[in-house]
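According to our numbering, the sequence shown is numbered sequentially starting from 209.
Hints in this document: simulated from the structure, not taken from any laboratory.
Among the clues, some could well be false.
To be verified - As a list, the in silico DSS-like pairs of lysine-lysine whose alpha-carbon atoms are at most 27 Å apart:
{"no.": "1", "residue 1": "356", "residue 2": "291"}
{"no.": "2", "residue 1": "380", "residue 2": "291"}
{"no.": "3", "residue 1": "515", "residue 2": "380"}
{"no.": "4", "residue 1": "284", "residue 2": "345"}
{"no.": "5", "residue 1": "263", "residue 2": "307"}
All of these numbers come straight from a predicted model, not from anything done at the bench.
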Amino acid sequence: MPNEPRCCLARCDRMVNFNEAGVLDSTGEQVQPETKFQEKLQKLCTCPPQGIIAKVITNVAIGAVAWGLIWNFAGKESLPGGKLFGIVCLYFCSVIGGKIMELIKIPGLPPLPPFLGGFSPFHLGMLLAGFLIRNIKYVSEVIVIEVKWGVIFRNTALSIILCLAGLGLDPKALSKLKAVCFRLCTGPCIIEACSAAVISHFIMKFPWVWGLMLGFVLGAVSPAVVVLSMLMLQKQGLGVDQGIPTLLIAAASMDDIVAITGFNIFLGMAFSSGSTFRSIFRGLVEVVIGAGAGCLLGFFIRYFPSKDQKSIVWKRAFFVIGFSAFSLLSCKHFGLPGSGGLCVIVLSFLVGMACSDEKDLGQKAVQDIVTFAWQVFQPFLFGLIGAEISITNIGFETVVQVKQLSLICYRVLFGHYVFGFSGSNSGYVFVGDWLWFSLEGKVIYCTGMDPQSNCPDTAREYNDKKLEKYGLYIVTIAFLAILITAPAGAVIIRLAGPRLLRKTTKGNEDALAIDSFSSKETT
209 MPNEPRCCLA RCDRMVNFNE AGVLDSTGEQ VQPETKFQEK LQKLCTCPPQ
259 GIIAKVITNV AIGAVAWGLI WNFAGKESLP GGKLFGIVCL YFCSVIGGKI
309 MELIKIPGLP PLPPFLGGFS PFHLGMLLAG FLIRNIKYVS EVIVIEVKWG
359 VIFRNTALSI ILCLAGLGLD PKALSKLKAV CFRLCTGPCI IEACSAAVIS
409 HFIMKFPWVW GLMLGFVLGA VSPAVVVLSM LMLQKQGLGV DQGIPTLLIA
459 AASMDDIVAI TGFNIFLGMA FSSGSTFRSI FRGLVEVVIG AGAGCLLGFF
509 IRYFPSKDQK SIVWKRAFFV IGFSAFSLLS CKHFGLPGSG GLCVIVLSFL
559 VGMACSDEKD LGQKAVQDIV TFAWQVFQPF LFGLIGAEIS ITNIGFETVV
609 QVKQLSLICY RVLFGHYVFG FSGSNSGYVF VGDWLWFSLE GKVIYCTGMD
659 PQSNCPDTAR EYNDKKLEKY GLYIVTIAFL AILITAPAGA VIIRLAGPRL
709 LRKTTKGNED ALAIDSFSSK ETT
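Please model the entire structure based on the sequences and the hints provided.
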């Protein structure tokens, strides 16, 4: 046939067919490895190209066309050394770095599990791509990233991941497990913040306010990691009758609010000129303003667009993303950096509550659109975060010392205390391990807490080199926390869950586990 792909190599003498047992020839005999290699080579060398070669050519052509359009609009700014050229190159390099990292397989070590949607080799590759662009001498001279453009794109991506965090909150689980969730989300987060403050103050000579800010950055949790991990365990029936998946999902949801609130309070204190009482009051005012603005915008999206309109899901998703990005950028513009993140969390949480009972127009449909937007914008967030790390400006020795000391204590012991009422040693040991690795492997929320834009960029606005250095230290420690603890957390959750959690034999539903925990709390 004329349209049939032609092979550029000589065809094999014998036809092969594939089945579940392996590669067999027409007589049912096993094909030799040389034949299997030749078959793969034939697929790669088809004309016109197909498979991975066609995919690479297509993606390169998309990048070239995109750059050509930008060049026609922007002119010199899209050429090497220009502002748009740096942003576009960083985006595509981040995507390429993520794809390369996904292809790397280390023999003998399990890959990061696919259910850890919050962090993957793709995200790690994007971080490393930005890091290399910043620290390779000749590359950094060609790819110049304008601070203003970086702040805008980074905060836009940040607002989208905060939307996903708010939409992922479960109001039913939060209301059922109030007391347990409160202990589990506030205790470890506050203890970690205080531990990091003490260590950073005496070793790195951080002011107490900046040390506590660092602590709340390290104490943040990634809902994407925890929720997807617990759903995987729940699907396997592990710990369901003990209520562990539901409890940890609810605790992860509340932990984010505690971490964001604490971070915003001390962020306002760090950049305010006045008494300590005034700084604390200003931080609380920013929290109230953020929560109030989030409530107003959330209730607006609840009723507009109305249900009789067309494309209501797309309009609602546009409002969620648009209001979130507008709130985050506007709060910084008006001198309220601590209000933006909480505003986004609250408005998206209210939108999720409002449409949770709808079927075709519900939370899942909006969340799918926001997830797609996150997939588009995430190279900006991770690439720009990696580009903030400069080896020449920051000594890694001190930072590594702080990270090592911060890993010594508090998580496992506090997990045992919080979960000791369960009556299952393996259950609360798993929760302790989860506190150590899953919360310590904060992943997206360590990047999404916004130290990368709030700390260094706000310090640059004040033209204070010392405060800017503190901000860059926080960014570097967050960067190291991702590189060190995220892969460890992925492996530990995958290996410890089946060994430490009891498998449910009667197919208990998660709702029954919630009720059982609630009854234990009331008694």
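Honestly, which of those hints from before does the structure not fit? Of the numbered hints given earlier, the structure breaks just one, which is hint 2.
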